[in-house]
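Number of protein chains: 2
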Amino acid sequence: MAEGRKKVYFERVALIGLGLIGSSLARAIKRHGLAGEIVGHARSQETRELALGLGFIDRAADSAAAAVKGADLVVIAVPVGVTGAIAQEISPALDPGAIVTDVGSVKGAVVDAVAPHIPDGVHFVPAHPVAGTEESGPEAGFAELFEGRWCILTPPPGTDEAAVARVEALWRAVGSKVDSMDPRHHDMVLAITSHLPHLIAYTIVGTATDLETHLQREVIKFAAGGFRDFTRIAASDPVMWRDVFLANKDAVLEMLGRFDEDLTALQRAIRYGDGAALEEIFKRTRAIRRSIVEAGQA
Amino acid sequence: MAEGRKKVYFERVALIGLGLIGSSLARAIKRHGLAGEIVGHARSQETRELALGLGFIDRAADSAAAAVKGADLVVIAVPVGVTGAIAQEISPALDPGAIVTDVGSVKGAVVDAVAPHIPDGVHFVPAHPVAGTEESGPEAGFAELFEGRWCILTPPPGTDEAAVARVEALWRAVGSKVDSMDPRHHDMVLAITSHLPHLIAYTIVGTATDLETHLQREVIKFAAGGFRDFTRIAASDPVMWRDVFLANKDAVLEMLGRFDEDLTALQRAIRYGDGAALEEIFKRTRAIRRSIVEAGQA
Numbered sequence: 096m097a098e099g100r101k102k103v104y105f106e107r108v109a110l111i112g113l114g115l116i117g118s119s120l121a122r123a124i125k126r127h128g129l130a131g132e133i134v135g136h137a138r139s140q141e142t143r144e145l146a147l148g149l150g151f152i153d154r155a156a157d158s159a160a161a162a163v164k165g166a167d168l169v170v171i172a173v174p175v176g177v178t179g180a181i182a183q184e185i186s187p188a189l190d191p192g193a194i195v196t197d198v199g200s201v202k203g204a205v206v207d208a209v210a211p212h213i214p215d216g217v218h219f220v221p222a223h224p225v226a227g228t229e230e231s232g233p234e235a236g237f238a239e240l241f242e243g244r245w246c247i248l249t250p251p252p253g254t255d256e257a258a259v260a261r262v263e264a265l266w267r268a269v270g271s272k273v274d275s276m277d278p279r280h281h282d283m284v285l286a287i288t289s290h291l292p293h294l295i296a297y298t299i300v301g302t303a304t305d306l307e308t309h310l311q312r313e314v315i316k317f318a319a320g321g322f323r324d325f326t327r328i329a330a331s332d333p334v335m336w337r338d339v340f341l342a343n344k345d346a347v348l349e350m351l352g353r354f355d356e357d358l359t360a361l362q363r364a365i366r367y368g369d370g371a372a373l374e375e376i377f378k379r380t381r382a383i384r385r386s387i388v389e390a391g392q393a
Numbered sequence: 096m097a098e099g100r101k102k103v104y105f106e107r108v109a110l111i112g113l114g115l116i117g118s119s120l121a122r123a124i125k126r127h128g129l130a131g132e133i134v135g136h137a138r139s140q141e142t143r144e145l146a147l148g149l150g151f152i153d154r155a156a157d158s159a160a161a162a163v164k165g166a167d168l169v170v171i172a173v174p175v176g177v178t179g180a181i182a183q184e185i186s187p188a189l190d191p192g193a194i195v196t197d198v199g200s201v202k203g204a205v206v207d208a209v210a211p212h213i214p215d216g217v218h219f220v221p222a223h224p225v226a227g228t229e230e231s232g233p234e235a236g237f238a239e240l241f242e243g244r245w246c247i248l249t250p251p252p253g254t255d256e257a258a259v260a261r262v263e264a265l266w267r268a269v270g271s272k273v274d275s276m277d278p279r280h281h282d283m284v285l286a287i288t289s290h291l292p293h294l295i296a297y298t299i300v301g302t303a304t305d306l307e308t309h310l311q312r313e314v315i316k317f318a319a320g321g322f323r324d325f326t327r328i329a330a331s332d333p334v335m336w337r338d339v340f341l342a343n344k345d346a347v348l349e350m351l352g353r354f355d356e357d358l359t360a361l362q363r364a365i366r367y368g369d370g371a372a373l374e375e376i377f378k379r380t381r382a383i384r385r386s387i388v389e390a391g392q393a
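Sequences listed follow chains E and Y, in order. Mapping of the first sequence onto the numbering used here: residues 96 to 393, in sequence order. Mapping of the second sequence onto the numbering used here: residues 96 to 393, in sequence order.
Check the hints yourself; a few may be wrong.
Copies of one chain are not kept apart here, so a pair can be met inside one copy or by any two copies together.
As the list claims (entries may be wrong) - Below, computed lysine-lysine pairings styled on DSBU-like, alpha-carbon distance capped at 35 Å:
#1 272 to 316
#2 272 to 125
#3 378 to 316
#4 272 to 378
#5 164 to 316
#6 125 to 316
#7 344 to 378
#8 378 to 125
#9 272 to 164
Think of the hints as simulated: they come from the structure by calculation, not from any bench.
Make a model of the complete structure from these sequences and hints.
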């Protein structure tokens with residue numbers, strides 16, 4: 096085995112949660128030969144059997160604790176609201192020297208919930224692959240999901256450097272770019288780039304759901320005018336997103352407050368026919384789009 | 096010439112406004128051989144010369160009135176706020192029997208502004224091709240823009256049926272599906288499918304523009320989390336959209352009011368940790384997405 100490859104190789108990966116992200120990571124690990132074995136656990140037996148049938152796990156475990164026994168890497172890929180409970184459950188079963196990581200979209204609350212359950216000699220490296228689709232479940236995953244996308248690590252100060260390096264190497268091996276930052280800073284950045292856009296998309300599609308019947312039929316027919324993009328975002332997994340908003344409450348409310356002030360100002364400009372104010376705001380936003388295009392993120 | 100083609104053929108098309116929509120329609124008319132000649136007008140000489148160089152008009156006119164002389168079809172493709180002024184200017188120069196149409200995203204205000212200037216014997220058929228990109232200007236146009244997209248006609252009661260049929264045939268010939276409805280109903284439907292999504296996208300990108308510098312850099316870097324879709328929408332033409340919001344004020348404020356109530360309810364659920372309410376709302380929105388996918392609009 097080549098030296099470069101050996102560095103990222105794990106003997107046994109325990110995967111807790113077999114949804115879009117977990118199953119995509121398992122598929123990518125298999126494709127790139129990054130693990131000897133993947134043991135998977137999901138709450139429902141149906142999901143475990145589906146995962147075995149799809150072949151992205153080698154073995155299914157009846158409990159999270161059973162899954163992590165003998166694993167040198169544990170990936171928690173469940174809605175962020177239950178990450179702490181999973182950490183508590185697996186805590187006594189973790190092998191000394193094991194690395195525990197997660198894939199949650201919120202990092203501050205996850206670090207707070209998981210860290211107290213990590214035994215001495217086990218390393219916790221929180222991670223957030225900024226990737227996904229509006230689909231969910233084990234069948235929705237695919238090995239290429241993380242290619243060219245960012246994965247953000249938020250290791251608390253003092254985290255074992257070798258463990259961080261191995262998690263970083265894993266994400267690079269599945270095609271991601273890797274950055275690291277403070278968990279609270281991560282949560283503020285993601286509040287505006289991801290959480291607020293999802294909240295707004297859910298809201299406007301919800302507003303359309305309540306429209307008078309004759310309007311609603313035509314909203315569906317003429318969705319291509321801009322609304323369609325929002326419905327795609329708003330089709331994302333409800334439980335995952337419920338947990339994101341609950342876990343990142345402070346940052347989301349802060350950004351929502353700023354958004355609301357700005358929307359009120361636009362509303363007022365429309366009401367009083369202030370075309371100059373509208374045009375000025377609409378022109379400013381082009382600069383950010385240009386920066387995103389230049390950063391190769393468009 | 097085949098009978099089917101003859102029906103949609105115009106001897107001379109006058110095109111007032113040479114931006115994304117106007118230049119795309121001109122290109123499509125040329126590609127499908129739907130006109131003998133296209134005479135174009137734009138306010139700036141630079142744009143007129145650019146259009147001649149790109150070849151989607153055969154001749155440039157110094158004024159809108161000069162452009163429409165001898166035209167059997169006049170297409171007004173300018174921001175909706177100036178449509179009325181154009182109609183007033185061209186009124187004395189319109190040929191008897193000519194058809195005047197437009198491409199505005201708002202129909203009630205356009206009908207009110209244009210109809211009084213249409214002489215007896217000239218036919219006004221308001222139209223809205225529900226198509227576009229975030230690009231603007233004569234170079235951004237392309238002949239395929241309208242293929243598979245809806246074009247909504249909103250002819251006032253009593254409009255000459257043959258004229259409506261010719262405008263419908265034109266849009267079908269460039270690949271569009273055609274529907275017709277009352278102008279006020281159109282404005283309500285588009286307020287939610289297009290105008291409100293654009294307003295919200297402009298707002299959230301504006302909010303990001305005002306972020307602290309260290310956050311803003313990372314917003315651009317991690318834009319792929321959902322924010323990126325909003326920046327694309329918010330890169331649309333500022334003047335066109337300023338006019339849309341001013342011209343469709345009532346419907347936009349009505350829909351914005353509903354949206355704002357719904358967003359406040361979500362904000363409250365987040366603040367008080369009401370996970371059940373969040374999950375319920377997030378689940379409801381999936382149904383509309385499914386309808387859009389089934390309607391072939393996704």
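Hint-by-hint comparison with the structure:
no. : hint       : result
1   : 272 to 316 : between (39 Å within a copy, 11 Å between copies)
2   : 272 to 125 : within (19 Å within a copy, 46 Å between copies)
3   : 378 to 316 : both (30 Å within a copy, 21 Å between copies)
4   : 272 to 378 : both (32 Å within a copy, 32 Å between copies)
5   : 164 to 316 : neither (53 Å within a copy, 38 Å between copies)
6   : 125 to 316 : between (42 Å within a copy, 29 Å between copies)
7   : 344 to 378 : both (31 Å within a copy, 20 Å between copies)
8   : 378 to 125 : between (47 Å within a copy, 33 Å between copies)
9   : 272 to 164 : within (30 Å within a copy, 60 Å between copies)
The structure is inconsistent with hint 5 alone, although it conforms to all the rest.
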